[in-house]
Amino acid sequence: MPLETESKVRLRALVAEFRPNNGDLLAALHRVQHEFGYLSAEALEVIGDQLGLFPAHVYGAASYYEEFRFDPPAHTNIRWCSGPACRLRNGNGIRDALLASLGIEHMPGKTEDGRVGVILGQCNGACEVAPMVWLEQHETHTIEPIGGMSAARAVRMARALRDGATIEEATHA
Amino acid sequence: MPDALALYDAMRARADAEYAAWRTPQRPRIDIAIDQSSITNGALRTRAAIEQVVASRNAAVDLGRVHGYGMQWLHPTVQVTFPDGATVMYGPVTPAEAEAIVDEATGRWGAAESLRIGMLTGEREGVPSLRDHPFFALEPRERRLLRNLGLTDPESLEHYIARDGYRATARMLGRHSTQEQVRTVMNDAGLTGRGGANFPTGVKWNFLFGAAGEEHYLVCNADEGDPGAWVNRVVMEGDPHLLIEGMVIGAFGTRSEYGFIYLRDEYPLSIARMEQAIRQAEAAGLLGDDILGTGLNFHLRVIRGAGAYVCGEETGLLSSIQDDRGMPRVKPPFPAQRGVFDKPSNVNNVESYANAPLILMHGSEWYRQYGTERATGTKIFSFSGDIARVGFMEVPFGVPLAKVLDVCGGMVGGKLKAIQSGGPLGSLLPPESLPKLILQGDSFTPWDAIMGGGGIVFCNDQTSVLVLAEMFAAFVEEESCGRCTTCQRGNQRQTEILRRIIDGRGRREDEPNLKLLDRTLQFSNCVHGQFSPKITRNMLQHFHADYEAALRGEDPSLTMPGLYRVVVTAQYDPKLAEAVAICPVDAFRGSAGNRSIDDAACIRCGACIDVAPNAVAKRAKSGVLALN
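Residue numbers (this note's numbering), protein chains in the order written: chain A, 2 to 174; chain B, 81 to 708.
Since the hints were made in silico from the structure, they are not lab data. Every value quoted in this text rests on a predicted model; they were computed, and no experiment measured them. Certain hints may be false.
Below, a list of computed lysine to any residue pairs in the SDA-like style, where the Cα atoms sit at most 25 Å apart [said to hold, decoys possible]:
1) B:K698 x A:F55
2) A:K9 x B:K701
3) B:K701 x A:R90
4) B:K698 x A:G149
5) B:K423 x A:F55
Isolated chain A (complex conformation):
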């Protein structure tokens, strides 16, 4: 039997508690993405093994959901809120300003160096601060909500992050 890679051993341990036909797939996918930042082909295979599902089934299910990624995330993601209260206050302009400032064609997308990304966010009911974005870092598991956005602030924030600012610095950009 060939030796398993280190990541595979880690993956197996991560999903060891999950069982087939028990409604565990989403939990397994979340756990792996939380740990690794994304779902690699290897991860999908290990999860399939554990849950008795074909890799095609695992990929088919995982790719159905907006939140699962199959590539490493940007170092910092700007999650843009697409809710109605945000749109009433130039939400579209904020989105376009973010993408243009970073030279990203489409959302979800990230800069070529992988430093900054823009991803889709959904309303979670803090509409009093509309329009808003969240700054997210997988590495540190940080999520920083930022309300009272404007297109100008979006440009400054995106440029700061592009130039290596921390979340704290970008918040005050």
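Following the hints, position chain B against chain A.
Frame of chain A; chain B shown alone:
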């Protein structure tokens, strides 16, 4: 065998003692509202600042936690409870105000006077009762579903129990209520599905009770995906045991041994609080095996969603639970026949379950004291958009929507242009509907509209209804599961047409084509496809003049990207250089004193207007004619 009521009474006595000590603390306590909204408003930073002040002064106060009370525009809020049980609410409390709050709590009464909102309990001279705040004018004097907000730590099982929590369950099990009695009282109360479909909850429970087999599943739809609606979030973050107790009652009434709460990924605090509450209830013998020693078993789990709107459709939700793509399927078979893992199942909304303990506790007559003949009881609503006071409240069914707008402080930034209810599959209502609408599903029907799950967004006239329609069309297109060609392709075409119109290239045949798409979409299998043209249909029905104007190239709101341009209006404004620098696409041309904006390069993000509102402005494009 120990008696369920005796077990409960013992639990209750301990909880009462703990709660009494919390309500009338030996020394003042500062409770910071911690919920998704307050966190977004910086509540964690406020808490850290207060902690620091308390630590550095070694102040004689304790710190605690509550859920926000509904006034989200005043977040982050903080409550101080004094030894006599009086609780004052403050907000918004930023880190800079931490000192003032600690001062006020530790004896320098008046230090935080300007931050006071009102008295939640007790009295202090010169401080009004919170219940007298105009925002709550439409709420019943005594809240029902929201009764514990501000008055409990949402992470404490003991507080919930001390406020009569799990008492309905103990009585149901201890006095040997029959399963039929439980279902009947729900029907007598007139409880209907709070997700928006309004189907009688007790009837649904009857279906599952009568379903074949012994393995029944009770499922909670907590995939509250309608943007602008956060009714379920408030229940789960504010009073998680209320949902659990409702599901225990439902499990008893439907012979279900297993339950799932399908909770959207966007609510991380709801997930954490529900999972913690489940562990607490299990440890206390209120959930799991042999509940209160009566032999009743009910095992409950949270399933965390992953950002798929259509999983809020019940068959999509069931597919998602059982390791599949969350795609809706054809009904019948209905979930009560074949649900999760092909076993009989019942799916109810969070708020539907949350009503069950209250109804069982107080009876159907009590429940019907509020609401109307056709819509009984109360409901939580969330109000947002261009209004002065964004937040949530619990009101009896039948309340006039115009009064809601009043208590929300009226419109800001412009006049009322449209009312959006029921999320992306919901409706777009015109201003003239406002005086006629009441918060009751069938009041929306004459407008070919639905009320939905409780999210209502008021939009002012600074936004075009075509832009709104395009936004919702894009949403439903993106979230279509793709199974039905009508929905997958139909929604692509609908979005394309609307996008072309707002780009200033509308055509005469767009309206008939949108109507054709509407008819075609009705052949979709599930409500996602069937309801996806509703907002565009409402736009054509109620805002036809706006559509016609758009075809002529007119948009007074200057938000349709193809119908306006951004121009330099003041060459020597000192802010103009800043505008040039902020432009993310370098669309400014010419040198100082001779600046212009290249319209082809401009993406209309508005960044330059943000920094130099007196030097750059939007101007309507003229001469755009409908192509035909």
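Evaluated hints:
no. : hint            : result
1   : B:K698 x A:F55  : violated, 55 Å
2   : A:K9 x B:K701   : violated, 59 Å
3   : B:K701 x A:R90  : holds, 22 Å
4   : B:K698 x A:G149 : holds, 22 Å
5   : B:K423 x A:F55  : holds, 23 Å
Of the numbered hints listed earlier, those contradicted by the structure are 1, 2.
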